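K.L.:
So you can see what is in the structure, the chains are spelled out below.
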Amino acid sequence: MRLITHNMLSCNIKGVTNGFPLKIEAEKVVEKEVDFNPDFLRHMFAKIEWKALVEAARSMGYAELPEDSPDATVIESADETFLRKLHHALLELHLEEGALVCPETGRKFPVNKGIPNMLLHEDEVKQTVCIDLRKGNEPTRIRSPKDRVLMQDVCIDLSLQVP
Amino acid sequence: MSLSNGVSLSITTTILHSTSSTFLPKKSPKTSLKEVSMTLSYLSSFVSLFLTRKWCGSVGILVKGMYELWGEGTCYEELRDSIESFPDSRKLPFLASDSTFRISVETFGKALTFDEQRERINSLTYIPFEGKVNLKNADHNFFIMEMDESEENNGLQPILQRRIFFGREVGFADRKLLPTFQLKSRTYLGPTAMDAEMAFLMANQAKAASGKLVYDPFVGTGSILVSAARFGAMTMGADIDIRVVRDGRGPDCNVWSNFKQYGLPTPVALLRMDNNLPPWRSGLNELFDAIVCDPPYGVRAGGRKSGGRKILRGTVDPYTVPEDKRTDHIPSTGAYSLVECVHDLLHLAARMLVMKGRLVFFFPVLRDENGSEVKFPEHPCFKLVAVSEQILSSRYSRVLLTMVKVEPYSEEVEEAARLMHVEFRENHLKWLEKGNIHSSVFKPSDPSQVHTDSKSFKDPKPKYRGKYV
Chain A
1 MRLITHNMLS CNIKGVTNGF PLKIEAEKVV EKEVDFNPDF LRHMFAKIEW
51 KALVEAARSM GYAELPEDSP DATVIESADE TFLRKLHHAL LELHLEEGAL
101 VCPETGRKFP VNKGIPNMLL HEDEVKQTVC IDLRKGNEPT RIRSPKDRVL
151 MQDVCIDLSL QVP
Chain B
1 MSLSNGVSLS ITTTILHSTS STFLPKKSPK TSLKEVSMTL SYLSSFVSLF
51 LTRKWCGSVG ILVKGMYELW GEGTCYEELR DSIESFPDSR KLPFLASDST
101 FRISVETFGK ALTFDEQRER INSLTYIPFE GKVNLKNADH NFFIMEMDES
151 EENNGLQPIL QRRIFFGREV GFADRKLLPT FQLKSRTYLG PTAMDAEMAF
201 LMANQAKAAS GKLVYDPFVG TGSILVSAAR FGAMTMGADI DIRVVRDGRG
251 PDCNVWSNFK QYGLPTPVAL LRMDNNLPPW RSGLNELFDA IVCDPPYGVR
301 AGGRKSGGRK ILRGTVDPYT VPEDKRTDHI PSTGAYSLVE CVHDLLHLAA
351 RMLVMKGRLV FFFPVLRDEN GSEVKFPEHP CFKLVAVSEQ ILSSRYSRVL
401 LTMVKVEPYS EEVEEAARLM HVEFRENHLK WLEKGNIHSS VFKPSDPSQV
451 HTDSKSFKDP KPKYRGKYV
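As you go down the protein sequences, you meet chains A and B in turn.
For the first sequence, the UniProt record's numbering assigns the number 163 to the last residue and increments by one with no breaks.
For the second sequence, the UniProt record's numbering assigns the number 469 to the last residue and increments by one with no breaks.
Hints were generated in silico from the structure; no laboratory data involved.
Source: prediction; values computed, not measured.
Take the hints with a grain of salt, since some may be wrong.
Said to hold, decoys possible - Pairs of lysine-lysine, DSSO-like flavour, derived with a Cα cap of 27 Å:
(1) B/Lys383 - A/Lys47
(2) B/Lys64 - B/Lys132
(3) A/Lys47 - B/Lys356
As the list claims (entries may be wrong) - These stretches of chain B come out as covered by chain A in the derived footprint (C-beta under 8 Å, 3 or more residues):
(4) 240-252
(5) 272-282
Claimed, not checked - If you only want the chain B side, here are some residues facing chain A, beta carbon under 8 Å, derived:
(6) Met234
(7) Pro331
(8) Ser332
Just so it is clear, CB atoms sit at the ideal spot from N, CA and C, and this is done for glycine as well.
Work out the full structure: start from the sequences and follow the hints.
P.N.:
Structure, rendered in structure tokens:
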């Protein structure tokens, strides 16, 4: 898993508001060479959360990135030293084995063979509960196809989302 | 098809660039997308251009070649007159004595013997070729293209009048890509791996090119991304099934090896995630240049999303997995209908595509004999620019939808989109009841052959006997 990916991911467990950035627990870091492509880097630079990237690179053992996000002139200039550092941090550092930890809940998302597993467990998935306004204030869980059809009718009338 | 000498015409690079949202004209059921496209590729190659430089490989995969038209006619005398009236200033630079050339004869709908070809080439003595002949690697390639009248032939349209064209090649598609990338020789395949030509077509539709980031949210074995990578794009993929993405069938037989097999750069990232509950951070948007995918139709490989099927139905409350079992626990997944899947895809694309980015995906449809309008999924951020049907059987086909993002994403847009989705799902459910896609694919088409004997009466909805993850 590269740092460019890490910069996009956050924890999406139900109820979590501050799931970014995920802390990296690195067990095995590998460096793989990638062709240098300055146009791609310039395009990506606009989308990166800088602080998160610097912190993540440090936890992977690379501390060459400047603390503050450089302004546009440095990126557009012909001088490639900064771009090379960015290239190395974003694309060439690989987390092969380890975990990504949610800053709010501490939930660990394992990384195996370079692939992060962002799938949630059964109790972390949002469960929608329908409030059937016609029967009063009792929340109704959908238990059978008939309930579902009933709920669909209500929800479409009220333009609400059907679970 | 009338062409005028030397005048530039727009090129139909692929038939998929049709701007109206209608199906292709009805042909006999046996015709596949491939056949129709091959016809048009031959026809569209007879187009004249004002180009002086060679375009190699950057042309859409269905175009056989692009030629500067020097002359045309219904017989060789007319061809001669036509070529002679073509301005010398346009001809002489390519006939120079220090260049090499080659003349080939192409025929459409018939085959010529070697002698017949040579006879035609020799009839061109009135063109002052000064250079030397080089059959392997000439500077300039010339083509005589001949088409005879023919009836409608195996689904191809009839040709009304014999025509002969003579032109200089200015560009060609790298059709050698197809045998190189064909699935037969690919290391890691799955049941839904996309055929190589189709994957290249999808990459063309998405305008995959160097410097662009292409994303596939249903990556599977990576067949579509391989084609996008071949055109120079950086690729990224995700899938809910971790066995397909991470493990493959071994350390040398997985998604990465598919890229290494062709010497292509491996994807920037591969993730395991659920498109229904994506883990993107909240500020992230407008990241991808194109999203190209083949979502699960629910026929052979159904879609899955988080939450076991009993949980989603509410039969069972969500349970907590005990701590000691958590590390190896594979979360259960539940049914994910096509409609919901496409809605999530549109939502993802609306948020994550750059402006003017392209969304290209397949959508299954039932083929209706009375040609009633089939509604496609819509989203307020997107404009549908191409609909291309691939007929799979007499009752079932899939359409490749190409959409371009024209509106930026916002909260209001999301509301409008959700309402559109509810409406679409309503119609889709009604349509599904009339003719279930699953049963269209698997059941016999002639109902009178099914026994009405109560013992062998089959359940109207065939049970899914595949694997549930």
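K.L.:
All hints, please: hold or fail.
P.N.:
Status of each hint after checking the structure:
The straight-line distance between the Cα atoms of lysine 383 of chain B and lysine 47 of chain A is roughly 25 Å, inside the 27 Å bound, and the hint therefore holds. Restraint check for lysine 64 of chain B and lysine 132 of chain B: the C-alpha separation of about 26 Å stays at or below 27 Å, so the hint holds. For the hint pairing lysine 47 of chain A with lysine 356 of chain B, the CA-to-CA distance comes to about 17 Å; that is within 27 Å, so the pair holds. Counting residues of the segment 240-252 of chain B whose CB lies closer than 8 Å to any CB of chain A gives 5, so the stated coverage by that chain holds, three being the minimum.
Residues of the segment 272-282 of chain B lying with their CB closer than 8 Å to a CB of chain A number 9, which satisfies the three-residue condition for coverage. Because the smallest distance between the Cβ of methionine 234 of chain B and any Cβ of chain A comes to about 6 Å, under 8 Å, the interface hint for this residue holds. For proline 331 of chain B, the interface hint holds, the least distance from its beta-carbon to any beta-carbon of chain A being 5 Å, beneath 8 Å. Annotation: serine 332 of chain B was flagged as interfacial toward chain A, and the flag holds, the nearest CB pair being 6 Å apart, inside 8 Å.
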